[in-house]
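Model the full structure from these sequences, guided by the hints.
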Amino acid sequence: MSDVALQQGRLHLRLPAGWIVAVLVALAVLVPYAAPQTFAWAKAYPATWIVPVSDWLKAFLYWLARDLTFGLFTFKEMTRFISSLFGYALAVPKAVFSTGITFGDEDGAFHIPRVSWAGLIAAVTVWSYMLGGLRLAVLGFVGFAYILVFGQWDSAMVTLSQVLLAVLCGVAGGIGLGILAFRVPRLEGAVVATLDFMQTVPTFAYLVPLVFLVGVGPVSGMLATILYAMPPMVRVTMMALKRVPPELDELARMTGCQPRQVLWKVLVPSARDDLLVGVNQVIMLTLNMIIIAAMIGAGGLGFDVLNALRQANGLGKGLEAGLAVVALAIVLDRMSRALVELRPVHGAAAQHRRRLFWAGLAALIGFTLLSFAFPALESLPPEWRITTGSMWSDVVSWVNINLFSTADALRTFLLIYILVPVKTFLIGFPWVGLLAVVAGGAWSLGGWRFALGMTALIAFIPVAGLWERGMTTIYLCSISVVIASLIGLPLGFLGSRSERMHKFLGAMCDTLQTLPSFVYLLPVVMLFRIGDVSALVAIVLYAMVPAIRFTDHGLRRVPPSLQEAGTMAGCTGMQRLAKVELPYALPEIMLGVNQVIMMALSMLVISSFVGTNDLGKQIQVAISQADPGKGLSAGLAIAFLGILADRMIGRWVAARRERMGF
Amino acid sequence: MAMVTLAPTPDSSPGKTRLSADAPPALVCRNLWKVYGANAETFLRENPEATPAEIRAAGLFAAVRDATLEIRQGEIFIIMGLSGSGKSTLVRCLSRLVEPTAGLVFYEHQNLLRMTPDELIQLRRHKMGMVFQNFALLPHRTVLGNVAFPLEVQGLPKEEREERARKVIDLVGLTERAGHYPRELSGGQQQRVGIARSLAAEPALWFLDEPFSALDPLIRHEMQNEFLRLQRMLSKTIVFITHDFDEAIRLGDRIAIMKDGVIIQVGTAEELVLKPASDYVAAFTRHVARAKVLTAGGVCVPVIPGEPLGPIVPASARLAEVAAAVLSADAPAAVVDANGALLGKLVKASLIADLVGGGQ
Ligand SMILES: Nc1ncnc2c1ncn2[C@@H]1O[C@H](COP(=O)(O)OP(=O)(O)OP(=O)(O)O)[C@@H](O)[C@H]1O
Ligand SMILES: [Mg+2]
Chain A
1 MSDVALQQGR LHLRLPAGWI VAVLVALAVL VPYAAPQTFA WAKAYPATWI VPVSDWLKAF
61 LYWLARDLTF GLFTFKEMTR FISSLFGYAL AVPKAVFSTG ITFGDEDGAF HIPRVSWAGL
121 IAAVTVWSYM LGGLRLAVLG FVGFAYILVF GQWDSAMVTL SQVLLAVLCG VAGGIGLGIL
181 AFRVPRLEGA VVATLDFMQT VPTFAYLVPL VFLVGVGPVS GMLATILYAM PPMVRVTMMA
241 LKRVPPELDE LARMTGCQPR QVLWKVLVPS ARDDLLVGVN QVIMLTLNMI IIAAMIGAGG
301 LGFDVLNALR QANGLGKGLE AGLAVVALAI VLDRMSRALV ELRPVHGAAA QHRRRLFWAG
361 LAALIGFTLL SFAFPALESL PPEWRITTGS MWSDVVSWVN INLFSTADAL RTFLLIYILV
421 PVKTFLIGFP WVGLLAVVAG GAWSLGGWRF ALGMTALIAF IPVAGLWERG MTTIYLCSIS
481 VVIASLIGLP LGFLGSRSER MHKFLGAMCD TLQTLPSFVY LLPVVMLFRI GDVSALVAIV
541 LYAMVPAIRF TDHGLRRVPP SLQEAGTMAG CTGMQRLAKV ELPYALPEIM LGVNQVIMMA
601 LSMLVISSFV GTNDLGKQIQ VAISQADPGK GLSAGLAIAF LGILADRMIG RWVAARRERM
661 GF
Chain B
1001 MAMVTLAPTP DSSPGKTRLS ADAPPALVCR NLWKVYGANA ETFLRENPEA TPAEIRAAGL
1061 FAAVRDATLE IRQGEIFIIM GLSGSGKSTL VRCLSRLVEP TAGLVFYEHQ NLLRMTPDEL
1121 IQLRRHKMGM VFQNFALLPH RTVLGNVAFP LEVQGLPKEE REERARKVID LVGLTERAGH
1181 YPRELSGGQQ QRVGIARSLA AEPALWFLDE PFSALDPLIR HEMQNEFLRL QRMLSKTIVF
1241 ITHDFDEAIR LGDRIAIMKD GVIIQVGTAE ELVLKPASDY VAAFTRHVAR AKVLTAGGVC
1301 VPVIPGEPLG PIVPASARLA EVAAAVLSAD APAAVVDANG ALLGKLVKAS LIADLVGGGQ
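Which chain is which? The protein sequence lines are A and B, in order.
Heads up: the first sequence begins at 1 in this note's numbering, then just goes up one per residue.
Heads up: the second sequence begins at 1001 in this note's numbering, then just goes up one per residue.
Since the hints were made in silico from the structure, they are not lab data.
Take the hints with a grain of salt, since some may be wrong.
[To be verified] Taking lysine-lysine and the DSBU-like style, the derived pairs with C-alpha atoms no more than 30 Å apart in a straight line are:
| # | chain 1 | residue 1 | chain 2 | residue 2 |
| --- | --- | --- | --- | --- |
| 1 | B | Lys1236 | B | Lys1275 |
| 2 | A | Lys579 | A | Lys503 |
| 3 | A | Lys265 | B | Lys1236 |
| 4 | B | Lys1348 | B | Lys1275 |
| 5 | A | Lys265 | B | Lys1158 |
| 6 | B | Lys1127 | A | Lys265 |
| 7 | B | Lys1259 | A | Lys265 |
| 8 | B | Lys1158 | B | Lys1236 |
| 9 | B | Lys1259 | B | Lys1292 |
Since we're looking at a predicted model, the values are computed, not measured.
Written out as structure tokens, the structure reads:
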């Protein structure tokens, strides 16, 4: 608020200052080009100036792991303790869903079977019916039946057991932290800041230090997943508790509730709907991350997908596993959403609901007990399974034969005319110039101090010796953001104009967002092989959603009176859009673009799998080489880029809204 | 500064519950302030006589200013005032849902503001009940669960609390709906649940914050009748906020009028109509059906000794009830009190003037 006032106050002095800044920025960019010899230091960052941030981080982590002690126990003992705790906890759902329990050795072994596939499918179907009627029941049945019949059951159960435990921990931890921040207002600021940071750090960056401290395996995968999925739950909890009508809090106190009773009997149950929305988010993020965590040994479906990507001819199997991930994600998402919508009922309807619940549970337990006698109920005999591996391979080769030339032409075109020139330009860009551009932009948005902070963020890239990878990241990110916006904004515009289009886009965005990011890589690689183009397409697909959503929403929010005023002033449709609606909706649309950038950055790291050479690649290499310093510094660099974009756009939107009087 | 009626006014006119005139005070507050803003306490301690202008200049806002009240045992005490005049804040100070900035609150001679959190919890569990303007029903509980909630909080076993809750639900006529959830009920039914819940713990002191304002006129009238019926059975001490003077007349024994946080006047409906302390109060009573408010005793004039008198009317009778008799008689009506002693007379011409509002 005060910002704009400041700017306006400065306006009189502004022109000269603005000119000076513009000239300085132009000099910083142009001089290194003009006199490359004299200003060699300003063009390519001198190697001798590089600050060994990676080494420091590495040393710090080694210190943590080797020397840090809390008196009674060391840091290493603590991480060991935590990881063994989660190891034990994970053993339970794993035994229940995935392995069963076997006592004794080969001969006299006594085996308690895992949950029977028939039981689980029946239970999912019945419970889906209870939650969302026939349509959801069909969806649940088809989803799980696909997983069974196509031989993905074993992997899916590994994943499911991890998801269940991670969701449980994420939800419990999130609600706990949220309540703490709600109860102790002094903590709130710190918690919000931590959450902000955690949500800009790319997914992968969590993996690196975890692998180092906890080691490769399902436990560190679980921990990374919980760390990744919990922040939204904390946020949702804080918001949900704040949104409980104050009268309910007064009612609780007036009734003579103890503080504990106020919380658990009134506030938390009243916030049920909002909290369940949080649970849905945790489930989806968990599934997303647990697939990625296959990279550090989480196993399950993620491992199958990963393996397929690594092998030359594995795409067919990968697609099968990928579809199983999709099935699992969609079923879990729709079921948990239906739970949000579920309203309490009474009388016959409630009884019906209760019966369905017990029926599902009975089927689950009944079939599992039966599988003592009929092992086929525990795991489906292989001869009953269908494998489509060969079919998918056929599809892949068909695609290769028939679509490849088209795809390849597109690929080559993109590479030669867009990607390579931009990449070369950006990598050859003088680093001093980059800093100056950022500083100048930030200065015009928020003054000197803001400019200083933003420049420090961008300076991390050259200073830490990450120039080439950092610029590759910026280049891939910016091109994908531009393309995603070029596709997303018109789609959002269409959605705002027609109800049918709006519904269709809504469903499409829902589905796109449900899919774990890893899955996007499969079809893309199929068409474009390994390389920057594949990464680009995957990023665009994944990051497009907010551009569509925010544009649609922003244009829909333009007040009808404003549109009428435009029409009455004699605007044509195009003029009205350009002169009335777009300017009004622009802040909202820019928030969408901001989201696109965030999602693109997180997807960049994942798409480094299909062969880019950016910061994501460095994280990936760091994981495989167990070099935590390199991974962390690359993770920090991406986080800084995210924060930079977020703050700059945030400033711009705030200033713009202020000017429009929101 | 403000005109506040402190002493219990000798109640010349009979209200709804005539006993209350002599009843001992149950809830008393003295010089109660609620000032919002930073360091309000310090400011008020240094400027105990702060004027509104001074308070505003300090960046503070006084929602309740220097309120003094005595609410009697078994009385229905109404608080009225324009929106934002501080009614809800006053009531929340009286129940200590909002911590007063200065002043004293006594309930049955206990200093409410000195109570520890535990004492306060006990007091609220057993002595106080409150009905909220927006119902404040718990969305995840059935009618039964909502009504049993205060008993559950007290730790009563399930069977006992449900049995007691069912009795209160019967009382408000929702027996059939005990298993429904709030969202399945109409506004009127929801408010009945709120009322039942506030009665479940059998409080002696009952706060109602605009309980009927969200209801349509028909249901509102029905609820008022129900309220009176309940009060005849239960005789609680009641503090009732309303915007509606007609409602205040129907229900209340005494009415307090608030403006900008200050209690302007306290009195019976008739006193407010006949002797408004300010134009503000007069504005409140302007559109009142005077025949239903004024009593024969309130408007009668002294008798000239030896004057011939017509029909005899009791002092407590409303003008609406006696008008026909007075107007059809030739001589002025004689007004007598409960013991039959002559208080004064009602003259036709002045009766008509009283009824159309120019009487005073
Ligand atoms: N927490 C608060 N902080 C600051 N001001 C407040 C707060 N709560 C209430 N107020 C102010 O105190 C004044 C009195 O509010 P109160 O709710 O008591 O009014 P009311 O007479 O009950 O009005 P209504 O008839 O609309 O319910 C209002 O001007 C309100 O804005
Ligand atoms: Mg109020």
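Pair hint Lys1259/B and Lys1292/B, alpha-carbon separation not exceeding 30 Å: Between Lys1259/B and Lys1292/B the Cα gap is close to 25 Å, so the pair holds against 30 Å.
Does the structure keep Lys1158/B and Lys1236/B at a Cα separation of 30 Å or less? Answer holds: Lys1158/B to Lys1236/B is near 27 Å, not above 30 Å.
Please verify whether Lys265/A and Lys1158/B have alpha carbons no more than 30 Å apart. 15 Å, holds
Quick one, are Lys1348/B and Lys1275/B close enough, alpha carbons at most 30 Å? Distance of about 21 Å is within 30 Å: holds.
For the pair supplied as a hint, Lys1236/B and Lys1275/B, confirm whether the alpha-carbon distance does not exceed 30 Å. Distance of about 29 Å is within 30 Å: holds.
Lys1127/B paired with Lys265/A [C-alpha distance capped at 30 Å]: The given pair, whose Cα atoms are some 21 Å apart, holds under the 30 Å limit.
Can you confirm whether the C-alpha distance between Lys1259/B and Lys265/A stays at or below 30 Å? With Cα atoms ~37 Å apart, Lys1259/B and Lys265/A exceed 30 Å; violated.
Straight-line Cα separation of Lys265/A and Lys1236/B no greater than 30 Å? 28 Å, holds
Please work out if Lys579/A and Lys503/A have their alpha carbons no farther apart than 30 Å. This hinted pair holds, its Cα atoms lying about 27 Å apart.
Hint 7 from the list above is the single one not met by this structure.
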